[in-house]
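*Asks:* As they're listed, the protein sequences go chains B and Y. Using my numbering, you'd call the opening residue of the first sequence number 1 and step up by one each time. Using my numbering, you'd call the opening residue of the second sequence number 1 and step up by one each time.
Warning: the hint list may mix true and false statements.
Remember, identical chains collapse to one label, so a pair may be satisfied in a single copy or spanning two.
Claimed, not checked - Straight-line alpha carbon distances no greater than 25 angstroms define the calculated PhoX-like cross-link-like pairs of lysine-lysine that follow: (1) Lys374 - Lys419; (2) Lys342 - Lys419; (3) Lys138 - Lys308; (4) Lys97 - Lys374.
Bear in mind the hints are in silico, worked out from the structure with no lab data behind them.
Residue strings, one per chain:
2 protein chains.
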Amino acid sequence: MRLSRFFMPILKENPKEAEIVSHRLMLRTGMIRQQSAGIYTWLPLGKRVLDKVNAVIREEQNRSGAIELLMPTLQSAELWQESGRYDAYGKEMLRIKDRQDRPMLYGPTNEEMITDIFRSYVKSYRNLPLNLYHIQLKFRDEIRPRFGTMRSREFLMKDAYSFDLDRAGAEHAYKRMFAAYLRTFDRLGLRAIPMRADTGPIGGNLSHEFIILADTGESEVFCHKDFLGFDIPGEDTNFDDVASMNAIFEKWTSRYAATSEMHEEAAFDAIPEGERLSARGIEVGHIFYFGTKYSEAMGAKVLGPDGKEHTVHMGSYGIGPTRLVPAIIEASHDDNGIIWPKGIAPFDIVVINMKTGDDACDTACGRLYSDLGKAGFDVLLDDTDERAGGKFATADIIGVPVQVIVGPRSIANGEVEVKDRKTGARETMTVEAAINKLVAAR
Amino acid sequence: MRLSRFFMPILKENPKEAEIVSHRLMLRTGMIRQQSAGIYTWLPLGKRVLDKVNAVIREEQNRSGAIELLMPTLQSAELWQESGRYDAYGKEMLRIKDRQDRPMLYGPTNEEMITDIFRSYVKSYRNLPLNLYHIQLKFRDEIRPRFGTMRSREFLMKDAYSFDLDRAGAEHAYKRMFAAYLRTFDRLGLRAIPMRADTGPIGGNLSHEFIILADTGESEVFCHKDFLGFDIPGEDTNFDDVASMNAIFEKWTSRYAATSEMHEEAAFDAIPEGERLSARGIEVGHIFYFGTKYSEAMGAKVLGPDGKEHTVHMGSYGIGPTRLVPAIIEASHDDNGIIWPKGIAPFDIVVINMKTGDDACDTACGRLYSDLGKAGFDVLLDDTDERAGGKFATADIIGVPVQVIVGPRSIANGEVEVKDRKTGARETMTVEAAINKLVAAR
Numbered sequence: 001m002r003l004s005r006f007f008m009p010i011l012k013e014n015p016k017e018a019e020i021v022s023h024r025l026m027l028r029t030g031m032i033r034q035q036s037a038g039i040y041t042w043l044p045l046g047k048r049v050l051d052k053v054n055a056v057i058r059e060e061q062n063r064s065g066a067i068e069l070l071m072p073t074l075q076s077a078e079l080w081q082e083s084g085r086y087d088a089y090g091k092e093m094l095r096i097k098d099r100q101d102r103p104m105l106y107g108p109t110n111e112e113m114i115t116d117i118f119r120s121y122v123k124s125y126r127n128l129p130l131n132l133y134h135i136q137l138k139f140r141d142e143i144r145p146r147f148g149t150m151r152s153r154e155f156l157m158k159d160a161y162s163f164d165l166d167r168a169g170a171e172h173a174y175k176r177m178f179a180a181y182l183r184t185f186d187r188l189g190l191r192a193i194p195m196r197a198d199t200g201p202i203g204g205n206l207s208h209e210f211i212i213l214a215d216t217g218e219s220e221v222f223c224h225k226d227f228l229g230f231d232i233p234g235e236d237t238n239f240d241d242v243a244s245m246n247a248i249f250e251k252w253t254s255r256y257a258a259t260s261e262m263h264e265e266a267a268f269d270a271i272p273e274g275e276r277l278s279a280r281g282i283e284v285g286h287i288f289y290f291g292t293k294y295s296e297a298m299g300a301k302v303l304g305p306d307g308k309e310h311t312v313h314m315g316s317y318g319i320g321p322t323r324l325v326p327a328i329i330e331a332s333h334d335d336n337g338i339i340w341p342k343g344i345a346p347f348d349i350v351v352i353n354m355k356t357g358d359d360a361c362d363t364a365c366g367r368l369y370s371d372l373g374k375a376g377f378d379v380l381l382d383d384t385d386e387r388a389g390g391k392f393a394t395a396d397i398i399g400v401p402v403q404v405i406v407g408p409r410s411i412a413n414g415e416v417e418v419k420d421r422k423t424g425a426r427e428t429m430t431v432e433a434a435i436n437k438l439v440a441a442r
Numbered sequence: 001m002r003l004s005r006f007f008m009p010i011l012k013e014n015p016k017e018a019e020i021v022s023h024r025l026m027l028r029t030g031m032i033r034q035q036s037a038g039i040y041t042w043l044p045l046g047k048r049v050l051d052k053v054n055a056v057i058r059e060e061q062n063r064s065g066a067i068e069l070l071m072p073t074l075q076s077a078e079l080w081q082e083s084g085r086y087d088a089y090g091k092e093m094l095r096i097k098d099r100q101d102r103p104m105l106y107g108p109t110n111e112e113m114i115t116d117i118f119r120s121y122v123k124s125y126r127n128l129p130l131n132l133y134h135i136q137l138k139f140r141d142e143i144r145p146r147f148g149t150m151r152s153r154e155f156l157m158k159d160a161y162s163f164d165l166d167r168a169g170a171e172h173a174y175k176r177m178f179a180a181y182l183r184t185f186d187r188l189g190l191r192a193i194p195m196r197a198d199t200g201p202i203g204g205n206l207s208h209e210f211i212i213l214a215d216t217g218e219s220e221v222f223c224h225k226d227f228l229g230f231d232i233p234g235e236d237t238n239f240d241d242v243a244s245m246n247a248i249f250e251k252w253t254s255r256y257a258a259t260s261e262m263h264e265e266a267a268f269d270a271i272p273e274g275e276r277l278s279a280r281g282i283e284v285g286h287i288f289y290f291g292t293k294y295s296e297a298m299g300a301k302v303l304g305p306d307g308k309e310h311t312v313h314m315g316s317y318g319i320g321p322t323r324l325v326p327a328i329i330e331a332s333h334d335d336n337g338i339i340w341p342k343g344i345a346p347f348d349i350v351v352i353n354m355k356t357g358d359d360a361c362d363t364a365c366g367r368l369y370s371d372l373g374k375a376g377f378d379v380l381l382d383d384t385d386e387r388a389g390g391k392f393a394t395a396d397i398i399g400v401p402v403q404v405i406v407g408p409r410s411i412a413n414g415e416v417e418v419k420d421r422k423t424g425a426r427e428t429m430t431v432e433a434a435i436n437k438l439v440a441a442r
């Protein structure tokens with residue numbers, strides 16, 4: 001993408017309304033724009049990051065055996081009356097009447113709808129296990145939306161729903177998703193710690209929140225330091241294998257970790273003092289096993305191998321992509337701006353033309369842009385008329401991992417500078433060497 | 001994808017509520033499920049097609065120079081009061097009040113919001129031309145939703161919005177999108193004819209509907225037969241070049257074509273009788289140039305090269321992906337089911353194991369599945385326990401372009417059958433020859 005043809009409205013000033021660094025940087029870099037309280041547009045730069053985060057989530061959901069569909073945003077009130085949550089959900093549910101005066105709602109979550117889909121098609125244990133997910137907008141009418149897309153009203157959620165014949169099957173499903181979440185957050189550059197958590201309005205028997213540590217987190221969390229070093233399940237993980245799933249789950253639940261709602265002072269105090277971690281955290285995922293809560297109320301049953309009807313056991317598993325993006329920024333930035341982890345950055349490489357209009361600079365930039373693009377990189381070429389200082393500041397604040405700087409003096413020797421955004425390390429080399437180095441490091 | 005692990009609930013019976021073939025086939029094959037009147041879930045098979053259609057739309061939008069963002073579904077009523085459309089829009093607009101009693105609405109389109117975004121960031125002609133698009137859910141509270149996702153209430157729309165300094169610039173933007181639409185529909189296997197059209201509630205001076213001919217179409221259309229043979233702009237089309245855009249536009253508007261609202265009997269009668277086409281059509285795209293209608297009302301101005309303020313000229317450009325999917329089916333099916341054009345099919349190839357559990361069949365299927373997958377194909381392997389006849393019917397109805405049939409008798413000679421879904425042509429060859437043939441034809 002040539003910056004002269006892109007739409008990336010960088011703000012010169014820090015927006016006053018931003019209380020936390022991710023919100024400030026997302027507004028400054030033109031990633032998002034608030035349309036109404038808690039309702040945001042994802043501008044082109046932000047949309048690129050959001051797409052890449054979604055792609056990672058999707059890959060790991062698919063790897064674990066979950067299947068993607070797409071449920072609508074609007075739901076009929078009837079479904080929620082069946083489960084009993086229509087009245088229970090309170091003011092966070094956005095209730096709507098259509099032109100025929102039928103009561104509807106903007107889905108805050110989809111347990112009811114997916115259970116309705118399940119019961120209408122699946123009649124036999126032979127079709128189990130089943131895990132269906134979608135990445136779809138939700139609306140929760142928060143009384144105090146804040147921190148940009150960290151706590152917004154209209155937000156994107158990946159929500160998966162598992163169906164199993166019995167509790168043992170459902171626990172395997174839960175552990176599959178547990179392992180998939182560990183992989184997902186790791187690929188997003190985050191160390192997320194699964195913590196025992198309250199089940200809230202979803203309900204159920206077993207629940208973990210995945211929390212990343214950050215000073216701006218809304219939750220107070222307590223855990224063992226060992227979590228910082230635990231291994232992440234590899235790409236070759238066999239999610240079908242019960243023993244593997246058990247081993248991962250046991251490892252990652254072998255140490256104390258709890259949010260304040262579930263905190264047990266005595267258990268935490270039993271940890272040697274130097275190994276305790278008491279910090280603030282951001283919830284980036286939440287998984288639930290709730291047995292037959294919805295399947296019972298809504299009649300989701302299958303014939304078992306014994307020829308009898310069984311009410312299915314369910315779980316649900318959420319990740320909020322529109323919250324993950326600011327969470328990643330909270331975890332990865334410096335005074336100059338965002339530092340995107342590889343694979344999530346809006347562009348892989350930014351080529352900075354220090355003197356647009358200079359023949360040698362333009363030619364070298366054109367070659368870098370074209371060759372790196374052909375090699376499969378997402379390249380941003382800063383071909384605008386801005387002065388070099390402004391271009392450097394822009395490249396830093398938007399956090400593209402690698403900068404290739406093309407200036408008139410060095411290009412006279414056929415050389416460019418390659419800068420690593422994270423470490424600040426710079427290296428001077430020929431255009432060809434730069435291309436070869438970047439392609440080799442892919 | 002192994003069918004035994006996929007979720008594809010094929011219905012045995014034709015659903016009674018379906019009046020047109022696409023609706024019937026989408027329900028039969030488990031592509032969609034109705035949740036409420038005019039509100040659908042896209043089940044996994046349908047979601048795969050929808051994703052591929054969106055990918056084609058996105059590629060062609062990007063190629064033409066448009067930039068993707070993502071606006072929210074809910075909008076504040078205030079914005080629409082500014083443009084004057086809040087009262088004008090009528091009952092199709094879903095009006096909502098949030099917990100603070102603020103009037104909001106589920107966006108039926110985004111002219112107001114994009115104009116608001118534009119005016120808050122763009123102040124100079126130097127940032128023009130600009131075309132911003134998103135692919136986002138819309139809601140229109142149709143009095144009579146019908147034909148499945150062909151006319152639903154919650155639907156997906158790709159809507160692009162162009163901003164230019166003057167009318168000449170806006171006409172170039174209009175013609176860019178005109179050419180992009182020709183390419184898009186062609187890649188989706190459709191012959192879409194641009195027809196002069198009424199501008200409806202969007203308003204404006206110039207408008208074309210892109211119509212495909214189909215007996216089940218809701219519009220009556222009239223055009224010259226020459227449209228069926230016109231060339232589609234190539235991949236190397238230079239969208240920046242005004243002369244190229246003019247040439248394409250002139251060619252494709254050189255013959256009579258109008259919907260019934262804009263029909264002129266006399267002009268149509270002037271066409272020699274054998275060259276007239278009077279038929280029913282499905283609208284698959286609609287483009288508008290409406291000058292300063294919204295920019296004037298909402299104060300979207302830029303400084304021109306003359307140092308003076310200019311109210312920008314705008315256009316908007318819509319395609320409905322959730323309507324395109326059934327439109328493609330209307331245009332491409334036979335008595336046995338859907339016939340997907342290449343590139344849009346939910347899977348590229350289906351490997352049918354006629355006797356799951358038979359060692360030779362299982363081994364050959366495993367190899368085909370693995371090798372074709374590695375070659376980059378989306379492969380569905382029917383490894384279920386169903387009888388062969390049922391598997392053939394399923395492969396036909398879901399419309400995957402190529403079937404590779406592995407049966408115990410032919411595999412004893414090391415052979416499989418390759419069937420073309422569209423022509424019905426079958427060829428027997430070795431497993432290796434089948435793989436080579438399919439990879440070579442990619």
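*Asks:* Flag every earlier hint the structure violates by its number, smallest first.
*Replies:* 3, 4
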